[in-house]
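Novice: With the sequences and hints as input, model every part of the structure.
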Amino acid sequence: MSDLSRRDFMSDQTIRWCPGCGDYSILAQLQTAFAQIGLPRERYAVISGIGCSSRLPYYVETYGFHTIHGRAPAVATGLKLARPELSVWVITGDGDGLSIGGNHLAHVLRRNVDLSILLFNNRIYGLTKGQFSPTSEIGKRTKSSPSGVVDPPLNPAAFAIGTGATHVARSVDVLPKHLREALVDAHEHRGSTFLEILQNCNIFNDGAFADYTDRAHRDDRILYLKPGAPLVWGKETLRGLVQDGFGLRVEILDGPEQAEDCLRHNPSDRNLAWALATLEGPHAPLILGTLYQTQRPTYESEALRQISDARATLGEGDIKRLLRASDSFKVRRE
Amino acid sequence: MSAQSIDHVVIRFAGDSGDGMQLLGQQFTHAAALDGNDHATLPDFPAEIRAPAGTRGGVSGFQIQFASEVIHTPGDECDVLVAMNPAALVKNLDDLKPGGLAIVNVDRFEAIDLKKAELASNPLTDDSLANFRVFEAPISTLTTGAVEPFGLNRKQADRCKNFFALGMMFWLYSKSMDPTRHAIERRFGSPFREANLAALEAGWSYADTRELHPLPFEVPQVPHIPDARYRTVTGNQALATGLVIAAQAVDRTLFYGSYPITPASDVLHALSVFKEYGVVTFQAEDEIAAVCAAIGASYGGAVGVTGTSGPGLALKSEAINLAIMAELPLVVLNVQRAGPSTGMPTKTEQADLLQAMYGRNGDSPMVLLAPRTPADAFRTAYEAVRIAIHSMVPVMVLSDSYIANGAEPWRIPDLDNLPPIAPPPPPSPQAFAPYSRDPESLARPWIAAGTPGYAHRIGGLEKQDVTGTVSYIPKNHQRMTELRAQKVQRAQALLQPAEAKGDPSGTLLIGWGSTYGAIKTAVARGRAQGHALAHLHLRALNPFPPGLAEVLSRYDRILVPELNSGQLCQLLRAHFLVDAVPLSKVQGQPFKVREIHAAVELLLQGEPPEGALA
Ligand code: SF4
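Chains as they are written, first to last, in the numbering used here: chain V, 27 to 360; chain Y, 67 to 680.
The reader is advised that the hints may include incorrect statements.
[To be verified] Restricting the straight-line Cα-Cα distance to at most 35 Å, the calculated cross-link-like pairs of lysine-lysine (DSBU-like) are: (1) Lys155(V) to Lys169(V); (2) Lys356(V) to Lys658(Y); (3) Lys163(Y) to Lys356(V); (4) Lys252(V) to Lys203(V); (5) Lys567(Y) to Lys346(V); (6) Lys182(Y) to Lys157(Y); (7) Lys163(Y) to Lys658(Y); (8) Lys541(Y) to Lys356(V); (9) Lys155(V) to Lys541(Y); (10) Lys157(Y) to Lys658(Y).
Quick caveat, the hints were computed from the structure, so don't treat them as lab data.
Specialist: Right, here's the structure in full:
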């Protein structure tokens, strides 16, 4: 454990997000989490694409690279292969990660590169001033959809599970402690973490998650996932999830003792994760925490192991041998 | 057995793309190499892996010139054409010299074969081969007979016929079959090993007993070959090797990010087996990810390289600009092919020069280098890494399909003679600013992410001079734009001065890349006829080498032969205000020496040189 604090991870740059933007909270929790994780500053690298969220690396006193639209996972993959000892973080958004960069996101998760990928989902394009995004809901009126969005939104967690991601989690900007823990979890997971962070864009999509996250009713509308714990939530009305065919159904519970009849969370159950990620309906809660987690070898460990294996069997590459190769020759003298 | 000595020979092997013509060509090349013949090869294959057998679209060819003197091209016309079917015959007949020898597999001239080749009559019996000597050999039948003891099915037996044909050619040119015997033994398991060996021997014996030619020929060794070690390399192999050696020279990991694309994929294949050298290859999900991963690796202190061809380069342009803005070293291999769009993936062209020069948003110059021959690709790749790291810039290598797949002998270099590769010396952590610059090269420091004491942020937004923070200050943008351009310009310090070979005045031929051999040979031919000619071949297209303006000013006429519509010619006219004249060929094929030679004659007579291609 180092004695660094959040302050040590604050860069000297003026932060240029709109006042009140959810990004401030995420930045603060990331800096705090970095201090809590305890690595020296140079061991972190924060790689972003383009969009409001992607300005984040400038504000963190670590290595950082603000790259191009949608490509941060690819840049981060190259960096991780070159510097596997670094804690590499990818900062992306719903447009950056799921629209222009959807291909890279799918493949980085499939490969299981050891990266912590934070997708700030505000369901809108902020930096380009308010067009709908791939997570905007059908019917949403924006500058580029004055008559309402016609294409259905993409479900980030379900997308990630579908790609074969080994760690899929969700948190939200307004719950600092939950978010900080999710960030530390992301670092600790060996392999790709896909952490969707619901983030309020108070300028172009204010209150996008307020139905769930407003203090007034959040206790009744958020289900916090805990491994082994029953899938129940609610203060005024206690609700729980029970198995219904291949899916889940929301039940109103008469009392805490009925929690025993509900499903328990098992993060290693991919079918359950899928059901949780795709749960919809009038009483469906906002589900926060780790939906899915499993272990398999990381891409870089396997790729670099092939190199160390080759060196173990063939010896460290000798340039002379490379140049002379098996097909080299001396001309037969006449 | 005595043999008739000759100086040089051009052979073309042609057959279906499944007939093993490339393997046959490579084996013949190796035999010529071991005998100390200079050689140059030109593989020519269809894009389809297995186009319908017997059709013209499915013809795969391999041309080799080998000689007892120094040569620079695979030859304009063939002395011998080995045609495994009618399509292969008619498709290549134009390139057979009058009086040249056509060896045909007569077993494949049935009505159905002629129909597949879209022939109304049999060229062996109509008059179309009147200008040539024809040797009709029942190659399929004889091969099947020779391999009969080894229990192959019909199809497998027929596959051995390329070695039968090779045996015939080894007899005709008095080549030892031992290297090919060894190759067969290494490459094939039983019973294919025995069958191919038998086919090879049978081909030799057949040529001998049937007297393919009254006397076999012999191409003697090139005199005074230095007693050194050689390899026959293709351009793609040489690129891969040059990259590995360069990364070792600077003691960094070589990272190669690529997405499969013709004709660049062989570089990825070659590098993928160099694991014990610590080479990291990354087959990305697309062209963009490939270059972005290379940039990420470079940010982490590795030698980041990506490779592609024209369509892929188009996709990479935004990321290349990121490297330009972030001022990170990056090498981009562009193995050009005929465009636009998908174009002709297996055919050669040099038409990406202006794309490489200008095809990015904003003012975004980058260093451009071009290898001139397959072996030269080694040094070009090495120089690309050297300049990228010395100047902290992206460098593009403009190879092409002809260099990529062509092969020539390469004298294995003495590594001590290669210039060192070194990044700009890092300042102390206290004095460090991400965009401080080396006073000579203007390069900023290359600090690998993870280095203690230097944590900093970079990105694609405009940078404040020195500090590297985001800046929208108008004059700063002007300054940074100029600095990025000057940095590329100052890389000139690492280039050889421009040098014209030949006459000091008169007509100058300027080329770049793979046209080297054809221009050089054409200039030599023209000078032998008494014309005042010189040849200048550019290794660097941006920046141009030092002294180029002075060289250009010495000549009355400037001819620029290119496999595009005059792209270098435009650049020269724009940069130097000279009346350069293009010779533009865009047929997916390299220049023939005679085309350039004829263009020079026309130019000297005051005629438009394009007439040479008519
Ligand atoms: S536009 Fe929205 S997301 Fe962007 S900084 Fe402003 S509030 Fe935040």
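Novice: Can you give the numbers of the hints that this structure goes against, from lowest to highest?
Specialist: 8
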